[in-house]
Amino acid sequence: MALSDYLVTDDLTIILALVAAGLFLLHNLYKPQALVHPILLGRQSDVARVRNPKESAVYRNYSTGMLGRFPLRPTKDQHVLLDLVKPDADAPRTLWSTKITNPELRARVANVGAGLLRLTGIAPQESNVLLLLNDSLEFIVADLALASLSIPSLTLSSLALLSPVFENHAPSVIISQAEFLPQLLELVYEANESSQHTIVVVGDISSAKLPRSNNVKIVKWEDVEREGASADKPALPVPNPEDVFTVSFFETPAGPEGVQLTHQNLTAGVAATRALMPPSSAMSPLDTILSAYPLSSPYGRAVAYTALFEGTSFVTVDSTKLIKPEGATSATGLKDLRTTVSYSTSSPTILFVRPDHLTSLSDTILQEAKKASWLLHNFAWRHKLAGILEGYITKQSLWDRLVFDSARVKVMGKGAGTVRAVIVSGGALEAQAFTPARIALSVPVINAHAHPLVAGPVFASHALDLQTFGTGTPGAESTSAADAYAFTYLAPVGPPSVNVEAKLSGVDDTAVEAGADPVGLLHVRGPSVGRPLSVTPEEEPQEEELRGWRATGERAKVAPNGTFKVVVGSKA
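Just so we're aligned, residue 1 is where the sequence shown starts under UniProt numbering, counting upward by one.
Worth flagging that the hints you see were computed from the coordinates, not collected in a lab.
Keep in mind that the hints are not guaranteed to be accurate.
Once the Cα atoms are required to be at most 27 angstroms apart in a straight line, the calculated BS3-like pairs of lysine-lysine come out as [what the hints assert, rightly or not]:
hint, residue 1, residue 2
1, Lys-371, Lys-335
2, Lys-54, Lys-76
3, Lys-414, Lys-395
4, Lys-86, Lys-324
5, Lys-335, Lys-217
6, Lys-395, Lys-335
7, Lys-324, Lys-335
8, Lys-86, Lys-99
9, Lys-99, Lys-370
10, Lys-370, Lys-220
11, Lys-395, Lys-99
12, Lys-220, Lys-233
13, Lys-324, Lys-370
14, Lys-220, Lys-324
15, Lys-395, Lys-410
16, Lys-324, Lys-371
17, Lys-395, Lys-370
18, Lys-99, Lys-217
19, Lys-335, Lys-99
20, Lys-395, Lys-321
21, Lys-335, Lys-414
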């Protein structure tokens, strides 16, 4: 039989061949491309070449490198706190419910500073002021005014810390919410002190029943601003970036602890917070930041001052309130996120939230999508998951328009079309929660790790790192049930942030030399890391390579690609 006899085809064969070729081309042309090259995700930390016995090597963010200089500020012009409010940026933005420009904000800061000096008698570099304020514009104004006067502020993560702080670090002046004034006066009375106390009150106290106290002077916030506006502004020296501008108190298993933060700690924290977003989608004045972290915490302050520096609008959820109405309980999850509707800000675009917010939001969206069409939801889930496995995510796909867009609108309202990134930290986030969140929201979800000693993130995953890993089984290096759970099921929190270096102590040298991942107690160092009150300057090691390391009291494990997993809340 001749060869030509084998090549005889009919029209159907030709059509089927063309269809097969067309499908092959369509599959390859429309297959989503990864948003970031996998090679870049394979080495996210730069690792020191040597390590000390019983310690891991030192890890830095790969973009910084072992020889790179840590960013100390967002740009070269921000040296102290007030510099973050750029005077040449006069576009209005909304902070909580107040529309204000930078020149107006700086004017209010100057007025409050002058008013506090005249009405309360505080002295620069000598006094300190306790802030018992909820997150608000008044907190920002007071914080900036005190920092500009070189007067450290004291903040609390919980009202349970008020008594020990009041006893051991007696404040010169207290700035308090009106709702807390009766309890505060009772505390002053029970302290049985003969010294004079000055309390600046934010809010209306006309209807409050206040106990009498002869050694308490009450000043209204409005009077402070009015007095400062009519007074001559004193010429004060510009604070040094190394000056302590605040002491933030927080609870530890061993009792209350405080961390001293300098101006440089906070400007470095802002630089690290800005770096969470990739340059292609950097923060801008068009954004609105929603934060679930109180300004009384270093991380919450870094997020808020990042918003001030970028000129974005800013709002916080109700669970950040230090002082809540009597009988009120803190909302969680989606209910807490919806508390921001009481503020007249535009829809948020960047969310700084806790794990309970993320899981509640994504679970509710997926439930709404299933209600609309169970069959379409299954098809949409499979196609969205295939894109994520390829390293690609978008809100503009056909399946978003058919299934998820309407579900997002039902759950998020206007925010369904505006939210473009979610940064989650403040607790344990399971790895299996990441994929549903990415499918439901279809925006970058960044997993970060924060600590009370650090202004800004300690670790943060790459915004476009969509990798998923199997849970596997606990390794032999996991010495406790908590470790086994964390290192098996929790999501990685990424490499160190751009100005933090990390190392682990107490590691098993034999296991590490055999190729096991290092596991140990986490220590961090960098310009965004504050100094605990329990560590005096005299106790700092003299050797440069040992100076500045802070124990976080947490256990961590580092993977070969330089990403960390942290047991949140573990004891050292």
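These are the hints, each one checked on the structure:
1. Of the supplied pair hints, the one linking Lys-371 and Lys-335 holds, its CA atoms being roughly 20 angstroms apart against a limit of 27 angstroms.
2. Taken as a hint, the Lys-54 and Lys-76 pair is broken in the structure, with Cα atoms around 39 angstroms apart against an allowance of 27 angstroms.
3. Taken as a hint, the Lys-414 and Lys-395 pair is honoured in the structure, with Cα atoms around 15 angstroms apart against an allowance of 27 angstroms.
4. Under the criterion of a C-alpha separation no larger than 27 angstroms, the hint pairing Lys-86 with Lys-324 is inconsistent with the structure, at around 33 angstroms.
5. With a CA separation close to 39 angstroms, the supplied pair Lys-335 and Lys-217 exceeds the 27 angstroms bound.
6. Between the alpha carbons of Lys-395 and Lys-335 the distance comes to roughly 24 angstroms, so the proposed pair stays at or under 27 angstroms and holds.
7. Proposed proximity of Lys-324 and Lys-335 is supported: the alpha carbons are some 16 angstroms apart, at most 27 angstroms.
8. A distance of roughly 16 angstroms separates the Cα atoms of Lys-86 and Lys-99; the hinted pair therefore holds under the 27 angstroms criterion.
9. Simply put, Lys-99 and Lys-370 have alpha-carbon atoms about 40 angstroms apart, too far for the 27 angstroms limit, and the pair is violated.
10. Restraint check: the Cα-Cα separation between Lys-370 and Lys-220 comes to about 54 angstroms, which exceeds 27 angstroms; the hinted pair is violated.
11. Restraint check: the Cα-Cα separation between Lys-395 and Lys-99 comes to about 31 angstroms, which exceeds 27 angstroms; the hinted pair is violated.
12. At roughly 20 angstroms between alpha-carbon atoms, Lys-220 and Lys-233 fall within 27 angstroms of each other, so this suggested pair holds.
13. Distance hint between Lys-324 and Lys-370 is unfulfilled; the C-alpha atoms sit about 37 angstroms from each other, more than 27 angstroms.
14. Of the pairs offered as hints, the one joining Lys-220 and Lys-324 holds, with about 20 angstroms between alpha carbons and a cut-off of 27 angstroms not exceeded.
15. A C-alpha spacing of about 16 angstroms is found between Lys-395 and Lys-410, which places the hinted pair at or below 27 angstroms, so the restraint holds.
16. Distance restraint check for Lys-324 and Lys-371: the Cα-Cα separation of roughly 36 angstroms exceeds the 27 angstroms cut-off, and the hinted pair is therefore not satisfied.
17. Of the pairs offered as hints, the one joining Lys-395 and Lys-370 holds, with about 18 angstroms between alpha carbons and a cut-off of 27 angstroms not exceeded.
18. As the CA atoms of Lys-99 and Lys-217 are separated by approximately 32 angstroms, the hinted pair breaks the 27 angstroms bound.
19. The suggested pairing of Lys-335 with Lys-99 holds, with an alpha-carbon distance near 25 angstroms, which does not exceed 27 angstroms.
20. For the hint linking Lys-395 to Lys-321, the alpha-carbon distance of about 33 angstroms lies beyond 27 angstroms, and the restraint is violated.
21. For the proposed pair Lys-335 and Lys-414, the alpha carbon gap of about 16 angstroms is at most 27 angstroms, so the pair holds.
Checked against the numbered hints above, the structure violates hints 2, 4, 5, 9, 10, 11, 13, 16, 18 and 20; every other hint is satisfied.
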